[in-house]
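Q: The lines below spell out each chain.
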Amino acid sequence: MSQYGTVLAVVLVAMAITFVALFRERDDLHRLLLTDLAEVVSLAIIALVGTDLAEALILPGLVVGISELMALSEVYLVKEGLRAVPERLMHIEIMDSAPAILAGVLVVYGIILSGFSGGVVAGCGILFWFFCKGHDEAFTLIETASGYAWALWIVAFFVFMLAPAYWLFAVMLAGGAILLKVMAKMALIGTMRGDRHV
Amino acid sequence: MIEYLIFAVFAGLLLHGIHRKAIARIQGRPGPPVWQEILHVLKFSFKETWIPWTASRTLFVAVVFIAIGIWSAALVVLLTGESLLLLFGIYMLHKIVEHGLGLSSGSPYGKFGAIRSVMSAASEIPLFATIAAVYLVTHSLMISDILAWQTANGPLLIAVPPAAAALYIVVLAKMHYSPFAVIESKEIVSGNMTEHFGVWRAGLDVAFGLKTFVLLYAFILLFIGPIPLLAAAVAMLILLLSLSFICATTPMLSPFDTVTIQIGAAGLIVVYILIMGAIL
Amino acid sequence: MIISRISRILAGYENLSLLYAVLVIAGIVIGFTSIPGIVYHGDDLYPKTIDRSSALDPYDRGGEPFGNTSVAAQYPENSPYLGYVTAYLTPFSQFLADTTSHLGTTIVSHPGGIIDEILYNTRGLDTVVETSILFTAFAIASFLFRRREG
Amino acid sequence: MFDLPIEGAQLMALEFGDIVDYFSVYTGTLFVFALLFTVLAIVSLPEKPMDIVFGGDAYYTKDIPLDLLRFQRFMAIACGLATLGAMASGDIFNFTLFSSMIGITNIGIVAAVRNRHVLEAAFQYGIVAMVATVPLFGGAAIVLASTGTLSIWALAGAAAVPLLAKIFLVLGVMGEGMAPFYIGKAEITRAPGAPYVLMIHVSSLLLFLRVVEIVLTV
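Taken in order, these protein sequences are the chains called A, B, C and D. Under this note's numbering, the first sequence is numbered contiguously, ending at residue 198. Under this note's numbering, the second sequence is numbered contiguously, ending at residue 1280. Under this note's numbering, the third sequence is numbered contiguously, ending at residue 2150. Under this note's numbering, the fourth sequence is numbered contiguously, ending at residue 3218.
Just so you know, these hints were derived from the structure itself, not from any lab. We treat Cβ as the ideally placed atom computed from N, Cα and C, and that holds for glycine. Keep in mind that a hint or two might mislead.
[As the list claims (entries may be wrong)] If you want the ones that stay clear, here's a sample from chain B, every Cβ over 12 Å from chain C, calculated:
hint, residue
1, F1010
2, R1057
3, A1122
4, Y1168
5, G1198
6, I1227
7, A1231
8, G1264
9, I1279
[Said to hold, decoys possible] Computed beta-carbon distance windows for the label pairs:
hint, chain 1, residue 1, chain 2, residue 2, range
10, C, I2002, B, F1007, 39 to 49 Å
11, C, I2009, A, A145, 44 to 54 Å
12, B, A1231, A, S2, 25 to 35 Å
13, D, R3116, C, R2005, 54 to 64 Å
14, D, V3043, B, Y1004, 29 to 39 Å
15, C, M2001, B, Y1004, 25 to 35 Å
Construct the complete structure from the given sequences, taking the supplied hints into account.
A: Rendered as structure tokens:
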């Protein structure tokens, strides 16, 4: 048996363990948590491929897992009728004085980085801002921005595939749009958990 | 091709009539004349027709045409010797028609029928067991190739009897009054067809007549092989009578039991295929 | 009867994941037999030459900007500009990369680099679908969330 | 173009870099069918579901609120697009991605319904759809590792894909689409909104039909 086969066998055993856990678990919330365990196993199988292509496949695998988890948790909340709002847990002075400058720094650095990681950094900045200052109308605005960014990004991909000669334009478009998109999503996910004034 | 279609519609409706007659005779009733279903279609075609107020109008009408469309396509596939996979794909699409029929009406009875139809979608799994078994033996899924194989090596019925049994169960499930026909059983009025009357019902009857003809003919072609037209007609009649006998003597199963039984049958055939695959 | 007992298990949606787990475990057991026959094909690697002295070093994927850096693709004829994105940096990022050691051409630091080459160019459709999934999941979550709020 | 005696002749191919989508007689038919129902989901208004109170003569009709209707329609269209993609896809990983998109949109179609029974079923189905990504992506990854390619074009007829990967692909699609034998999934189709709910059924059946073709081809 090749080395790959051996490791694959090990991962399959891990997978079997995951599913045995799923088999035994009766509580809905715990089942939801167990799906995360399953996700790890699936990433392991993809990572086993071990080529550059594996790297390209892991990203979608990861994203799909996260997004499904997000949607399903909302369904869970609705289904269980959980409406209680978390109380404001922490308030310290720095949260009144620092947000503008810290958020600004993070956003600027994010824009310099650009792309996926830039979006994450800038998203943290915006999240921090909302975390301290509260948000009211921003939700819809960010949602819209995120939607348009997504559309632009898709356009960039089709430029790559249908008119490859304009690849530079496509890279710029994609780089900019993904920055906006990831930033918006980060901010949204962050603010979604609390009430209006978290 | 159009003449084949018309012939198949009338032959299918006639088969429905014979089916009803045979069931009635087995149960000791006189039963309707064998051409009753043809008369039904003609009668419904001239009845007053409208769309129920609660219905999703576009869908309500569209499914009727889709039903006729897919079974006409199925007949074409069968006659031109195209892929078996395509034929069974179309057969699966019939599930969607059944579902759409019930859902679109807004009637609770239609909806019950539709949901039962969704449940029993699982029971079509035996079909794929059939496909896999046939492919393992003949190495082709083109109906023309399968016919050629049978001309050379004898009927598939003898080569892979479990596959034939699987298809038999599937055909049985699609017959009126069969123990598996839970979607139109009488405790939910007419199930998913409750709200389709007038011209819509005539269209559905045409489609279902085509369906019966195609399924029976496909069974004959796939498992007995290319035989003369008259012999094929006789074979179809015998097949139909065997189905009628089962329909007449068995009660309607409960919806979940039909699924269990059909999945169980599929499971057995999958085991058979795995063993056969290991041997070959 | 055994059939109606099985039917009762099948009928309950709270048994869904249980049933699925049984199916998958059965699949794993059957599939295990085919593992010895698997031959590993690891030749899809991007041919890298890593330059340790480069300012981009930890995140450098090599290659020259706007040049045909070789990338292993299944159908190279479908991606005529393959390899152009690999080493590309925006002018400002290029400046930062030259002066600091915080930038590189991999995805963790910048759009560009081999991962993006694959993501954008050869397997672009994957990325489109992936983000569409994210987008739909987001639509579901935010619709439910906002209705709960409002 | 590959011509195997499985799904009829190849009709055309669409190139997206390494991902080459194709239409054969078989997948083309499925594609047209998916397109038909997507258009139906766009143009037709939902039904007005009638509820009867058994044991009495009382009955009442419900109207679907407009915001719910719009959301359901959006999800149904997304589901239709994902189905179209899955039917045309000529790449195994791309196909698995489309499959999981179908899984998530199927939940989306009913997620906004205020019916506890439906939500409960949707949640349970969602759990299955999530864990199904393990065999689904796992199957694709094993195909890649054991053959060095994901393109169905390159794999067709070579019989190089191990049994494990095939089983995983089928199991994955079963999880995304048919939620063990479809019985559990039947419960979520109790939701109102016929043209949209029908899309759940269309997508998962077509997905299953497609994976059968893929498993037989590679």
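Q: Would you mind marking each hint as holding or not holding in the structure?
A: Consistency of the hints with the structure:
{"no.": "1", "hint": "F1010", "in the structure": "holds (39 Å)"}
{"no.": "2", "hint": "R1057", "in the structure": "holds (27 Å)"}
{"no.": "3", "hint": "A1122", "in the structure": "violated (9 Å)"}
{"no.": "4", "hint": "Y1168", "in the structure": "holds (19 Å)"}
{"no.": "5", "hint": "G1198", "in the structure": "holds (36 Å)"}
{"no.": "6", "hint": "I1227", "in the structure": "holds (37 Å)"}
{"no.": "7", "hint": "A1231", "in the structure": "holds (38 Å)"}
{"no.": "8", "hint": "G1264", "in the structure": "violated (8 Å)"}
{"no.": "9", "hint": "I1279", "in the structure": "holds (15 Å)"}
{"no.": "10", "hint": "I2002(C) / F1007(B): 39 to 49 Å", "in the structure": "holds (45 Å)"}
{"no.": "11", "hint": "I2009(C) / A145(A): 44 to 54 Å", "in the structure": "holds (48 Å)"}
{"no.": "12", "hint": "A1231(B) / S2(A): 25 to 35 Å", "in the structure": "violated (56 Å)"}
{"no.": "13", "hint": "R3116(D) / R2005(C): 54 to 64 Å", "in the structure": "violated (27 Å)"}
{"no.": "14", "hint": "V3043(D) / Y1004(B): 29 to 39 Å", "in the structure": "holds (32 Å)"}
{"no.": "15", "hint": "M2001(C) / Y1004(B): 25 to 35 Å", "in the structure": "violated (45 Å)"}
Checked against the numbered hints given earlier, the structure breaks hints 3, 8, 12, 13 and 15 and satisfies all the rest.
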